[in-house]
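Keeping the supplied structure of chain A fixed, place chains B, C, D, E and F upon it in accordance with the hints.
Protein chains: 6
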Amino acid sequence: MTYLPRTHRLADLTWPEIDELRPHAPVAIVPLGATEQHGLGMAQRTDTARAEAVADMVARRMSPQVVVTPTIPVGMSEHHMAFPGTLTLSPVTLQQIVVELVTSLHRHGWRRIFVLTGHGGNNAAVDVAVSRLRAEFTDTHIAWSGVTPVVSDLVKQNSDSPVRGHSCEIETSQALYVDPELVLPDRLVRGSATLDDLDPAGRLARSHPGIQFPQGYDALSRTGNLGDPRLATAELGALLVDAVVDRVCDFLTGLIGLPDRSPAPPPAHIALETS
Amino acid sequence: MTYLPRTHRLADLTWPEIDELRPHAPVAIVPLGATEQHGLGMAQRTDTARAEAVADMVARRMSPQVVVTPTIPVGMSEHHMAFPGTLTLSPVTLQQIVVELVTSLHRHGWRRIFVLTGHGGNNAAVDVAVSRLRAEFTDTHIAWSGVTPVVSDLVKQNSDSPVRGHSCEIETSQALYVDPELVLPDRLVRGSATLDDLDPAGRLARSHPGIQFPQGYDALSRTGNLGDPRLATAELGALLVDAVVDRVCDFLTGLIGLPDRSPAPPPAHIALETS
Amino acid sequence: MTYLPRTHRLADLTWPEIDELRPHAPVAIVPLGATEQHGLGMAQRTDTARAEAVADMVARRMSPQVVVTPTIPVGMSEHHMAFPGTLTLSPVTLQQIVVELVTSLHRHGWRRIFVLTGHGGNNAAVDVAVSRLRAEFTDTHIAWSGVTPVVSDLVKQNSDSPVRGHSCEIETSQALYVDPELVLPDRLVRGSATLDDLDPAGRLARSHPGIQFPQGYDALSRTGNLGDPRLATAELGALLVDAVVDRVCDFLTGLIGLPDRSPAPPPAHIALETS
Amino acid sequence: MTYLPRTHRLADLTWPEIDELRPHAPVAIVPLGATEQHGLGMAQRTDTARAEAVADMVARRMSPQVVVTPTIPVGMSEHHMAFPGTLTLSPVTLQQIVVELVTSLHRHGWRRIFVLTGHGGNNAAVDVAVSRLRAEFTDTHIAWSGVTPVVSDLVKQNSDSPVRGHSCEIETSQALYVDPELVLPDRLVRGSATLDDLDPAGRLARSHPGIQFPQGYDALSRTGNLGDPRLATAELGALLVDAVVDRVCDFLTGLIGLPDRSPAPPPAHIALETS
Amino acid sequence: MTYLPRTHRLADLTWPEIDELRPHAPVAIVPLGATEQHGLGMAQRTDTARAEAVADMVARRMSPQVVVTPTIPVGMSEHHMAFPGTLTLSPVTLQQIVVELVTSLHRHGWRRIFVLTGHGGNNAAVDVAVSRLRAEFTDTHIAWSGVTPVVSDLVKQNSDSPVRGHSCEIETSQALYVDPELVLPDRLVRGSATLDDLDPAGRLARSHPGIQFPQGYDALSRTGNLGDPRLATAELGALLVDAVVDRVCDFLTGLIGLPDRSPAPPPAHIALETS
Amino acid sequence: MTYLPRTHRLADLTWPEIDELRPHAPVAIVPLGATEQHGLGMAQRTDTARAEAVADMVARRMSPQVVVTPTIPVGMSEHHMAFPGTLTLSPVTLQQIVVELVTSLHRHGWRRIFVLTGHGGNNAAVDVAVSRLRAEFTDTHIAWSGVTPVVSDLVKQNSDSPVRGHSCEIETSQALYVDPELVLPDRLVRGSATLDDLDPAGRLARSHPGIQFPQGYDALSRTGNLGDPRLATAELGALLVDAVVDRVCDFLTGLIGLPDRSPAPPPAHIALETS
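Chains as they are written, first to last, in the numbering used here: chain A, 1 to 275; chain B, 1 to 275; chain C, 1 to 275; chain D, 1 to 275; chain E, 1 to 275; chain F, 1 to 275.
Next comes chain A alone, as it looks inside the complex:
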């Protein structure tokens, strides 16, 4: 395939370019970010930057098969609002944004769509949106993921902090790799990294797997971060992010290979055959 678009970003293209690209690009990625505190030494746009970087790397690797919409730079960050500067959308509004962006893509003919959120706080809203979209667009394959959860096996192998997640060494490493300007290395401090660093509610929340007891980050950490970002390295970030890109590309290749989605025939009377 010798055709190469000027870029995979829908926002950077003209409409005739998109018109030409469309038949070559079966997949559209919708990246979601956040503007929320990331501790003492990392910029508020970290989640936006990580989602956008992964989307761009995937699209470049698979060019011209993937287009990317602009990254939504705010998300569901209520649990960070005690820190100055965090911006938050309600979950209903975030759902609606995802639904309407995907609906726009669907109207232009896309039938394989991937929502990629750099911020775990967006998960529930995305999940609900995808559920609604699957029911409405029965001809469309739609999938979603976060960034870090795609490599949770590698995370376990590369971090020893009993408590980690937000603005820890794992996330900070990714930031150092995708955009070093996100990080002020000499401001990084160890956050709440062990159960003992947490207040009683935080300890309770972290010691019962399978039970969700969400806490505001002001309760979890005086500095707004978990783990120990001083241990972060760009090398670890590369290892993690490149693996995310590999795996998402692998998934999208599978997605492209699927037959078009169509409603299954009604399963009635199967019972009689099987019993």
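If you are wondering where the hints come from, they were derived from the structure by calculation, not from laboratory data.
If you want the footprint, here are the derived chain F segments under chain A, 3+ residues with CB under 8 Å:
#	segment
1	13-20
2	40-51
3	69-78
4	93-100
Here are the simulated DSS-like cross-link-like pairs (lysine-lysine), alpha carbons at most 27 Å apart as the crow flies:
#	chain 1	residue 1	chain 2	residue 2
5	C	Lys156	D	Lys156
6	E	Lys156	F	Lys156
7	A	Lys156	B	Lys156
C-beta atoms are modelled at their ideal positions from N, C-alpha and C, and glycine is treated no differently.
Chains B, C, D, E and F only, in chain A's frame:
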């Protein structure tokens, strides 16, 4: 403590009894179920029954510290609608139900609330609802869980099916333990239990951990179930459900022991101290 | 007709059983309840129990022609929230529940649907929901009622209390018949049973037929009930409930006998013919 | 009381006049109408006109104690949409209008509010709105009624049609009294006036008191009206409307005489005293 | 064309009359008003009256080509709520009213619709509603305007007040022309008519064209009006309103002359031809 | 004032930096963009880029008095959806985004907020949002503008096209100045630049000032643009954009100089003094 209420179920009590019980019962559980197909041999109310049974067992064990609201018998089951008889609520309506039930409890003075869903399809809506409630009621501890995810370690030790989850041996065992009338043992059939049993989209969905690619159950399984429920036993159900009850009781005991929730003081100017 | 389903309750059946039952069962009943105070001597689930009992009795009598969805155990009970333990949904959420349950039934092929509310506080929300559903599903017959209003003639013949309605001898009699465990007979007390028992607003509300001046029950009655439930008997309950069942069965038989609903042809130009 | 405002209609006054009138006028009436077909010989604005006329007559009789907002000239008329020209609002929008008008009045200090609907199709939406408003404004007395239901006893004494209601002799008589221009007497025709005039669904709907089985008016009547409006007289209209005015004035006088509404004290521990 | 309807107002007609008129009347006008303070000497219904008057004059001039719905007598008037008696709808509710009225008209066959608002505060809600309607009804031409903005050139020629707009000489002149009862001439006072009459925020708002800095009218003017209504004359009102009518008629004549609206063919591949 | 923040962009800062900056930065700007077709030779992100550039230039000029939130990169672009690649939000969702971003800023202490939209299609939604926010946050000054409307006088002086607006020489000049990569100069073509270039509906829409008759851009222009962008120059762009920046800075300086906003005292009884 010698006071014992007639029952822990709010629906079975009179208002003067609830008035008397209230100071003794700091925790309220809100159970959520579903009415959805559970394969050829299990009743549609299975998720409702499991959530209600766990809530009742927890409340009896901790009596009089826990009250239980009526179980909502329908949930988010869009992905089962291709099978005759499944009922489904939209995610927005389910969110709203949880928000309004918890708001009612809050108006009557409860400040420690646990939402327990027997149906995984409800998770995202519950997550969003809890997030909204945390932001609105800053004086209330609120947590939630499913049933099976609380014992995912035990599930791994007791099931070999590479593909399982809905109406598999794990869920059917629970049903046999909490209410044997849920199961028609001679109708149980092996469902989609290995990747090879799935269609290409189902295989893709199940082979990329961390990536969510939700599928209608009509695409996943001709019979509507996964795994092999013929392997289910009431003994395994007892092992799993009793462990869920143990762990939820342990969590709730911790929850009761927490100080009252109150908004944290603003963290401003911490930076200066730490850098 | 010799075919008999295991039960008429959708929640208790498997999907193949529902698939088999569906062509024999043209009518679906959606029962609605409430969790609200019922005075000093009756359980909060009284309305749920009455709606469910009537639905079950109707379905058994007409078997296999009627299926029943799970009873929604909470309703619109804002006017009882001053008493400990009452749970309430907003009218918009309750509307939405009815709309979505009926929509689910419609997707599975039901075209004759009956919503039965055990709680009068749900009426307006049900009325609105039914109105929306009629407009949307022009191929579906949809009707609704309460329990007691179906036998208002018999109520007048069997009660002398000038003020009655909630948790009075009429409702308590029904409870004693459908489920004696709902009632704690030695706790029953006379409530506000005459205009003199009411406060001025309550008196005003009850003395202008046709004008609605809704009052919180805390204003209407110190004990939360009207009338005199000490006069209740299971015999009166049987007389009332059996008559409700007779009349609903009679209506549903008529409903089954109707031709399928279809949009009427446009009435344009009728004027010319008639004038 | 010698003060007399120029008019009781808020829309016709200037703000300084309203400022002066406010302390003399404890009651505000919110009239609601409809724009919907009224058979072959009556204008679509009939319900608007009847509500407005009653509100004006009440306010003049009780001057200066009552102010009146502008009549909302459209309502919930989905069941008439098969006839050319009917306009309809959704029930949610109509609820919202009532809520927002009453909220505006509340912000200006009114604490006794009466919603008067000339159109029965608005009832459920008004009921829901009033329920929401009672819960939100705990310092406000709020009541509502239709026009004809206030004199249902007189209706029974003055009409023999077994089937009546919409655009029948009762409604047409009112129209002839409040505004003769509403009626084109030589176009009036007998509508569906007996059960035999109805189609099977209409007959079923009208023969089970207490069961609601709403029908589109296109199904109920080829001409869009019930009863026999040729029997209407302005004298009967005067008898009915004057009685409505009497009774509403009587109610509002009672409403003005009530103490200010305030939330009742919590009823907790009453049980102990009474049992 | 010799056919003449009894009136152009849908609310005043019967359905058979509308049925007959419909093919002769391709255009429907939806007038919107407000109930809001208009200074010391003008009635709250001024915007309603001006919109209705223009709609009626247009419809009479173009008879039988134009029908008119009832004027909605309340609008978005939050910025006037500091004055006693103003009523306001939320913008979402107002949008919904416009959407639902136009939808009703569309269901009856109208495909050329004009929304005419007498109140500038309604503009944004109308704009949003029209945008939604255009997207939904792709076969319908829909346009909207205010009253005064249609003759902004004439306004400039006939007013010297540096600050004007609400209840100024321009609006008062229109009121004197369309309905002299709207005005109490001896109560009229000069309002805020120059930048010096405004508070600092008002001055800032009025001195940066293109920047919107909305102010409550209580901040803009102690009396609730701008400009100097004592300069108003019925002659100026006639000049302005007659010009509005001329121009709207001219536009509607153009609208009737347009071909039916239909979705344009997709513009794809135009690029290749043009580049 | 010698304090200088690292940057004015909230997304690029850490929370302690924002905490430090906050008391120095009384104004927050919320930029809004769009992803929509801009003719054959300009990128879809043009509106996003122009809004962001102006916000950044203003903030740098006034540093440290102004902070800037991330630009929302999609807007209300329904009227461009016939061209491949345009993304659109519903007006309700866009309103909600603005409301929630401003609410977040308000929670962090900002009381002077400026919403700047690069896309005219967003205007109505922004207007509604600002109206809601003014009513809710009575202690906050909130203003908004587009980019080009701030210099409409200069536009008139520098363009001769009778029809212009979208992707014309004015907008393209701005793009050349703020980010030359937005433009593919050799793809630029003359769009619909005179009334004769428009279809009949477009001509009608453009020939009645004050009447809004919105048209899809597919109807207005085969290429999706108006005017003649081949006439664009970076010099003209500099003239226009620099003037926008000057004027917005001037306005914001005025805004900072205003006293804190507070609700005005009620104006009651002013009438007596003045008449």
